[in-house]
Structure formats: structure tokens, C-alpha cells
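Q: Next come the chains, spelled out residue by residue.
Protein chains: 2
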Amino acid sequence: MMKKHNFSAGPCVLPQEVLKKASEAVINFNGLDLSLIEISHRSKDFIEVMENARSLAIELLGLEGKGYKALFLQGGASLEFLMVAYNLLEKKAAYLNTGTWSSKALKEAKFLGEVAEVASSKDANFNYIPKGYTIPEDADYFHCTSNNTIFGTQIKDFPQTAVPLVCDMSSDIFSRQLDFSKFDLIYAGAQKNMGPAGTTLVVVKEEVLGKVSRAIPSMLDYKVHLDKDSMFNTPPVFAVYVSMLTLQWLKDLGGIAAIEKINNEKASLVYNEIDRNPLFKGFAAREDRSSMNATFNLVDEAHKDAFDALWKGAGINGLNGHRSVGGYRASMYNALSVESAKVLVETMQELEKKVG
Amino acid sequence: MMKKHNFSAGPCVLPQEVLKKASEAVINFNGLDLSLIEISHRSKDFIEVMENARSLAIELLGLEGKGYKALFLQGGASLEFLMVAYNLLEKKAAYLNTGTWSSKALKEAKFLGEVAEVASSKDANFNYIPKGYTIPEDADYFHCTSNNTIFGTQIKDFPQTAVPLVCDMSSDIFSRQLDFSKFDLIYAGAQKNMGPAGTTLVVVKEEVLGKVSRAIPSMLDYKVHLDKDSMFNTPPVFAVYVSMLTLQWLKDLGGIAAIEKINNEKASLVYNEIDRNPLFKGFAAREDRSSMNATFNLVDEAHKDAFDALWKGAGINGLNGHRSVGGYRASMYNALSVESAKVLVETMQELEKKVG
Ligand SMILES: Cc1ncc(COP(=O)(O)O)c(C=O)c1O
Ligand SMILES: Cc1ncc(COP(=O)(O)O)c(C=O)c1O
Ligand SMILES: [Mg+2]
Ligand SMILES: [Mg+2]
Ligand SMILES: [Mg+2]
Ligand SMILES: [Mg+2]
Chain Y
1 MMKKHNFSAG
11 PCVLPQEVLK
21 KASEAVINFN
31 GLDLSLIEIS
41 HRSKDFIEVM
51 ENARSLAIEL
61 LGLEGKGYKA
71 LFLQGGASLE
81 FLMVAYNLLE
91 KKAAYLNTGT
101 WSSKALKEAK
111 FLGEVAEVAS
121 SKDANFNYIP
131 KGYTIPEDAD
141 YFHCTSNNTI
151 FGTQIKDFPQ
161 TAVPLVCDMS
171 SDIFSRQLDF
181 SKFDLIYAGA
191 QKNMGPAGTT
201 LVVVKEEVLG
211 KVSRAIPSML
221 DYKVHLDKDS
231 MFNTPPVFAV
241 YVSMLTLQWL
251 KDLGGIAAIE
261 KINNEKASLV
271 YNEIDRNPLF
281 KGFAAREDRS
291 SMNATFNLVD
301 EAHKDAFDAL
311 WKGAGINGLN
321 GHRSVGGYRA
331 SMYNALSVES
341 AKVLVETMQE
351 LEKKVG
Chain G
1 MMKKHNFSAG
11 PCVLPQEVLK
21 KASEAVINFN
31 GLDLSLIEIS
41 HRSKDFIEVM
51 ENARSLAIEL
61 LGLEGKGYKA
71 LFLQGGASLE
81 FLMVAYNLLE
91 KKAAYLNTGT
101 WSSKALKEAK
111 FLGEVAEVAS
121 SKDANFNYIP
131 KGYTIPEDAD
141 YFHCTSNNTI
151 FGTQIKDFPQ
161 TAVPLVCDMS
171 SDIFSRQLDF
181 SKFDLIYAGA
191 QKNMGPAGTT
201 LVVVKEEVLG
211 KVSRAIPSML
221 DYKVHLDKDS
231 MFNTPPVFAV
241 YVSMLTLQWL
251 KDLGGIAAIE
261 KINNEKASLV
271 YNEIDRNPLF
281 KGFAAREDRS
291 SMNATFNLVD
301 EAHKDAFDAL
311 WKGAGINGLN
321 GHRSVGGYRA
331 SMYNALSVES
341 AKVLVETMQE
351 LEKKVG
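As you go down the protein sequences, you meet chains Y and G in turn. Read in order, the letters of the first sequence correspond to residues 1 to 356 in the UniProt record's numbering. Read in order, the letters of the second sequence correspond to residues 1 to 356 in the UniProt record's numbering.
Treat the hints as calculated values from the structure; they're not laboratory data. Please note that a few of the clues may not be correct.
Copies of the same chain are indistinguishable here, so a pair counts whether it falls within one copy or spans any two.
Restricting the straight-line Cα-Cα distance to at most 25 Å, the calculated cross-link-like pairs of lysine-lysine (PhoX-like) are [unchecked claim]:
1. Lys223 <-> Lys92
2. Lys20 <-> Lys4
3. Lys66 <-> Lys131
4. Lys66 <-> Lys182
5. Lys110 <-> Lys354
6. Lys205 <-> Lys182
Let the sequences and hints guide you as you build the complete structure.
A: Spelled out as C-alpha cells, the structure:
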């Protein structure tokens, strides 16, 4: 097998040891002589997986004993756009618009009530994070996107809010230390830092629920899922299991504090090269640069074929930028090795040697 | 590895060759030197998986060229309870209540409009399928559950309907030949005859959509998913892949006609023994017996420990009945071998020898 350097934006690189265990469990899980995916989700063995996954999430975020619970749901972050509003929006909600995903979250919330867009960076193709905006005090909640996967920006300072704080952390959860107890509801599709596509982590402070007057359909009601310990209906067994393995891997590594150092090292390597190398320029405003997704372009598009051949030849995968930005996007999620970041830097330097 | 006989009601037994391929793909998919679960869902390799899964579903159901499309969604059949009503219920819908799942479907539909329960077998703990009911002609659609997983009953003759026919086929899709073109919308959680938990197949006749006046949130709108070829948001990659493998396995076997013969053979073996053996009695009305889930009880509960020891010792798994019925439930989905059905019959006969 050729060593690949997987910079895919999601689904994305996962730890090799996690993949190995997941592969084995598909054949024989827990020594049961049955596959993980052919046993009842009500079996002791799977209930243990679900409970481990839920408690590992709470523990890694430092939220034990603070009134939070974790759910593993289906539908992706996209269904959370709707569920958040169904469960929390009584009259008016405030949204910060920092990109494609924020815009979509905002759009779905409008089905349930009034939405105030407190600020937007759409004027500059979302290459920065708006600051100094005001959150209406009568909003039911404030919603933001911590990391903008497509544009490569990341919120560094979250606002102090009088109203509940809701955050889509799909693309940077478990990647950096934050005071997670500032948030009332966090959600994240698994397919970046947590596991395969097919499950969504929701971490919610229970006290914010039950305040809207509408009747909520069962599958969209966080309370229904909480009452059933995230097993109201058949959960996405495989995705939850692999998420559990990845969270255990992170815990064994030293948790968020440890991975944050590694993530910062990778981001420094890549951003330093983007800045140093005269052939490349960064897309996002410097102060808002994401440590997960580095977006950058060639100064001269004429070098595209040469660069593409170089990185593909080096075993790099998934470096093409999203069509909204063009150029390149180096997604450096938790499981990406420092070595992979170095290989990318070397190919950028090779291009310079070749054409510079 | 001890040979297991997996009678689990779902998630449940899958073909061994499917499990083997799935396990390999978690390490190295399509020879890419990357895991199936760490590549982009927009990659050529995964788009091919999704397209194959969709077209195999249509082909196996004999619905090619008849105006139908297939979707692989998230949220389980439970989310379809809601989506069906969101997309089709303008004023009033008609529901046949044949068990726990029908009741839940009906409950969610009530969030969107009026629901007429045309008949119910609740009076007899759902041990039969009501017949001779009338479907109101002004209903937006008629909803039924083809196979009642918990109670072990199955609809043999579907009513002629003037209104669109919607069916939850979660636990018997792809198991028997039907004129599937009688149905306007079919849905099924994957975790019985198709694959792992985590994806839901929806097969819909496009012409029935777009007729309700309400605005439908994106993730609940079948048209949104159809327009994006089932990739509106990140699909549950692994569950779709394994479903595709299972559908391919079924096609190679000879399709629904071939599996129906095997399913009938298994069902005959088990029901004949239930009837013959004086220690056991069937739960469901004979004419409505499910070929997928055989529910039965001990005539004398005093033999419970002896029988449980016998089947567990024989490598049988998942035979305990649902708490609504008690006793036993032998789920005999497509991937269960005739050999496993024979092993169950032998343990029933052994009990007779021991205590009879
Ligand atoms: C920040 C963010 N939010 C939401 C989504 C949508 O997630 P999903 O495809 O699971 O619905 C994505 C997907 O990449 C994302 O990056
Ligand atoms: C007939 C039927 N419908 C619906 C469901 C619910 O499916 P899910 O758990 O995927 O929501 C089940 C689950 O066993 C079922 O058997
Ligand atoms: Mg974005
Ligand atoms: Mg530069
Ligand atoms: Mg039932
Ligand atoms: Mg008998």
C-alpha cells in the first residue's frame, strides 16, 4: 500500500488504529463471533458502545457534572440546522453568517420563526469573521459556525451572550481547547474529527430545552432522544462505534490539549509556507485563519498543472479547493499526521524550485 | 469462530461475503490505498457506489422506466413516518394500524394534518391483519406496514386504492415478489434485508410529489434529495456501500424470485415445527403469518429455561421475543441460511425429546 496523505475536507482521514479495529469489528465484534453490524442495537454489547461514546464526548469537552448530555443522531449537521430551530426558536433567533453552512443553518431556521442576521462576511466571499456585532437581547438564541470548512476561517473569540449560545462545530470539534461550558448547544457531523459520515454529535445543556410552545415531531425532539438515551430508534451502529473508537484514541493521546499542540504545529508549517513561498497566497484573513482548513491559491494559475502533478505524485489526496474559493484547501483534521503536513510543504517548495 | 445462527430482528444477519468485502473496504477501498470511510463523498468512487445502490434497488423491485427514483437517506424509518406526511399530507391521510410501527407512523402524521385510522388489530394485540376496511376517497394517501416485525404478521393482499399507496416495508422489502408498481412510495430502514443500520431506502414515484401547499424544510423534502441525487448533504457512506453490496449479492443470487423460494422454505420449516410440536404455539393468525418474523410461545412457560439453554447452546442468537408478545421470535431475513432454520427446528425437537 502506498502511503497516502489525506487532506480531504470530510469525510476525511481517521486514525489507522481506529480503521483497523473497525475493520475487524465488521467481521467479529467483541469476540461474539458476530459482526458489529448484525447484532441488535439493544444488545448489552452495543448499549455499552453508545454509552461509552456519549460519555467520552462529554469528558473530552470538560463538561462532566455541568448539566450537559450527548446524543448521537442521524441526518448530519444539516438536520441539526432544522432541529435547533424546532427545539429552541419561539419567536426570533440571531445568526452570524460566516459562510455556506451558516447560510444554510439560517435558511432552515426561517421555517420556524424570525431570524436576525447579526453580521455577515458575504461581502468579501466569507474570507473573514465579522466582529463587533450586537446580539439582540430578545433573541431566543445566538447561532454561529465555529469553523468555516469551505472558506478556511475560524472564530477565535466567541461573543459573550446574554442569550443561549448554539454552535455548529462540525469541522473543528475536539481540535482545540475552549471553554465549552459557554455553549448551550453544540452539534457536529462526525465526518471530520470524530468518525465516518452517518452520525451527528449533539451536546446540549438540558436546561435550555422544553421552552418552546410548539409540538415537536418525535424524531426532531431532543428531549425524546435524551429520554431514550440516544436510542429512540435504531442508531447508526457502525458510525457510532467508529466515533467511540476515535474519541478513545483522542483520550489516550492526552485529549484536546495534546491534539491542539499537534494541530497548531501542522497549521504553522502549512501557513508559514503559504506566506513564505512567493508562488502561493492565503485566502482567509490572517487573524481568522482556520487551524483545520487552510485555503490558498496560486499567485499565477499557470502553475496549476505542475503543482497538481507534484502533490498527486507525492501521495497527497483531497487538496482541491471548494468551487466557492478555487485553488487549494489543506484540511488538517486531528488524525492528519505532522508528517503529512511536511510532505505538503515539501511539494510547495519543489514547485518553487521547478518554476520559481 | 463458532458458527452462529443469527435470528436477530434487526440489525440482523447479513451475507458473509458482504461482511468480508465491507471489512476490507474499511482498510483499502477500490485499491485506492484509502479507507472507504475517509474519502470524499463527492469522489468518483463514492458517487459510483451511490448510483449503483440506487439503480440496483429500482432494478430488483422491477420499477425501471416506471417513473420511480430511489433515495438513500438518514434517520431510519422513524424519520420517514414524518417525511411522508410532510411531503404528501395536505388535509387528511388514511392509516391502517397493524402494530407498533404503524401506530408510530400514524402518530407522527398527526403533526401535519388529520389522520383517519381505517382499521386496527389492536383489540387482539395485533396478532392479525384487518381486512375489508374502506379507504376514504378524499384521503391524500393510504399508509400501511407490509410486515409487522414485532407481532409477526404480514399483509398478503394489498388493497386496491384510488389514492396513493404508501408502504413501510422496513422488514420485508426485497423478500418476496409483489407488483411494486402498485405503490407510490415505499420506505425501508436498511437494517433488515439491505444492510447496516444508518440508512433508509425511499422509493418514490416522482409524480406524487409537489402537491402539498406547505413549505418543506430542506432535509425533510424528498424533492430536495432527488434533485441532488441523494447527496444533498453528506450521505451515510458506509451504510450505503454495504447496502449496495447486499443488493448486488441478491441480484447475483437471482433477485427477489430466487430469495422468495428460500424464504418460503425457511418459513415452512419453522412454522411446520411450531404447529407440529405440542410444546409450542404460534402467535399470529395463520393466514397472516409473516415469512420474515415467526412469533411463537411455549405452551407451558415451565420449559423456558430448558429451551433457552438448548438454543443458546446450538449457537442461536436473537431468538427472544419482543416484550409486546413475549416468547420467541425467529427472524428469517434474506441472509439467514436454510441451515440456520433447520438448526432451530432441531432444538425445538430436542426440547420435545427432553421434556415431552
Ligand atoms: C461546518 C459545517 N456544517 C455543516 C455541514 C453539513 O454537514 P452534513 O453534510 O453532515 O449535513 C458541514 C459539511 O461539511 C460543515 O463543514
Ligand atoms: C416495520 C418497521 N418500521 C419502522 C421501524 C423503525 O425503524 P428505525 O429504527 O430505522 O427508525 C422498524 C424497526 O424495527 C420496523 O421494523
Ligand atoms: Mg463554510
Ligand atoms: Mg506566499
Ligand atoms: Mg410491528
Ligand atoms: Mg404447536
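Q: Going through the numbered hints above, which ones does this structure break? Give me the numbers in ascending order.
A: Hint check: 3, 5 fail, others pass.
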